[in-house]
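Protein chains: 2
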Amino acid sequence: MVDADILFVKQVEEKIRQSNTVMYRHGRSILTGMGVSTPQFNALLTLQEFGSLTMGELCKHLFTACSTATDLADRMERAGLVERVRDTNDRRVVRMNLLPKGEEIVDAVISERCQFLREVLQEYPEEEQPKVLQFLQVLAERMESVDARGEVSS
Amino acid sequence: MVDADILFVKQVEEKIRQSNTVMYRHGRSILTGMGVSTPQFNALLTLQEFGSLTMGELCKHLFTACSTATDLADRMERAGLVERVRDTNDRRVVRMNLLPKGEEIVDAVISERCQFLREVLQEYPEEEQPKVLQFLQVLAERMESVDARGEVSS
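As they're listed, the protein sequences go chains A and B.
Under the UniProt record's numbering, the first sequence has 127 at position 127, and the numbering climbs by one with no breaks.
Under the UniProt record's numbering, the second sequence has 134 at position 134, and the numbering climbs by one with no breaks.
The hints are simulated quantities; they were obtained by calculation from the structure and are not laboratory data.
Just to be clear, a hint being listed does not mean it is correct.
Note that identical chains are pooled: a pair holds if it fits in a single copy or bridges any two copies.
Calculated cross-link-like contacts (lysine-lysine; reagent style DSSO-like; alpha-carbon spacing at most 30 Å) [unchecked claim]:
1) LYS10 - LYS101
2) LYS60 - LYS131
3) LYS131 - LYS101
4) LYS15 - LYS101
5) LYS60 - LYS15
Please construct the entire structure, taking both the sequences and the accompanying hints into account.
Rendered as structure tokens:
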């Protein structure tokens, strides 16, 4: 791989990270106001996306040690954002559910982000706007497919 | 705003988040192996990007309470990833610097991500590859410019 290629790929990495970071700034004030930390918000987002999860599944999704995720879960439970319930099929398993208050926070943050992104989209000529989503869909799809391939071979 | 638009913008938000999440999975094993947590890695990345930072600047970049950032800094200092030094111009100010060990970890993770992204880029026809970076550059630029505008008006 020549140097130009390395630089090229590094820039792709930087730009994906930068877009996510800028987007992430929006809705932050809601979290600060509610006393919700970044790891807590990531846990809420994960529960909204995947539904009720066991602690093992949650720490896997969050890439955290299970002790850290347990501490996180305790705080979120005390704040009324989530609840722990015993699995109806297997009473030994404890699942975590998003509570309405947790869901409201996620929705409020995503809605702020969307308001920001709507402004960003308006920077594009109208006929190009559908292409932005299309590009991002193709990129995410290809990333998922390469990622899945890697998991099988490793 | 009609419902179709809301759905459209929500999908844009989701796809940016999804791409970042998939990319984030790569190089994770390096961090797990070194006992570096996600918030610690984000702090290292920030120090590499912005250079030496005061604790106040660091917690602002990381969107964390300063008590959390101080705890993070203590752990990273003990692990030999960063050092705290007094500012040469103002001895009251303490700055945090990335140490070679911290830098090596960031470089190793970014390099793993780039290896993954190179594979993703190969899913595109060769003539489309430069357009991927171009699209991401334009998106990040427009996001930064709308973000900067918002900060002025608020």
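To see whether the hints hold, each was checked on the structure:
Within a single copy, LYS10 and LYS101 get their C-alpha atoms only as close as 40 Å, which misses the 30 Å cut-off; across copies the closest is 21 Å, which meets it. In this homomeric assembly, LYS60 and LYS131 never come within 30 Å of each other (Cα to Cα): the closest approach is 33 Å inside a single copy and 34 Å across copies. In this assembly of identical chains, the alpha carbons of LYS131 and LYS101 never lie at most 30 Å apart, being 35 Å within a copy and 42 Å across copies at closest. For the identical chains of this complex, LYS15 and LYS101 are inter-copy neighbours only, at 25 Å across copies versus 33 Å inside a copy, given an alpha-carbon limit of 30 Å.
When the C-alpha separation of LYS60 and LYS15 is checked against a cutoff of 30 Å, the pair qualifies both within a copy, at 26 Å, and between copies, at 21 Å.
Checked against the numbered hints given earlier, the structure breaks hints 2 and 3 and satisfies all the rest.
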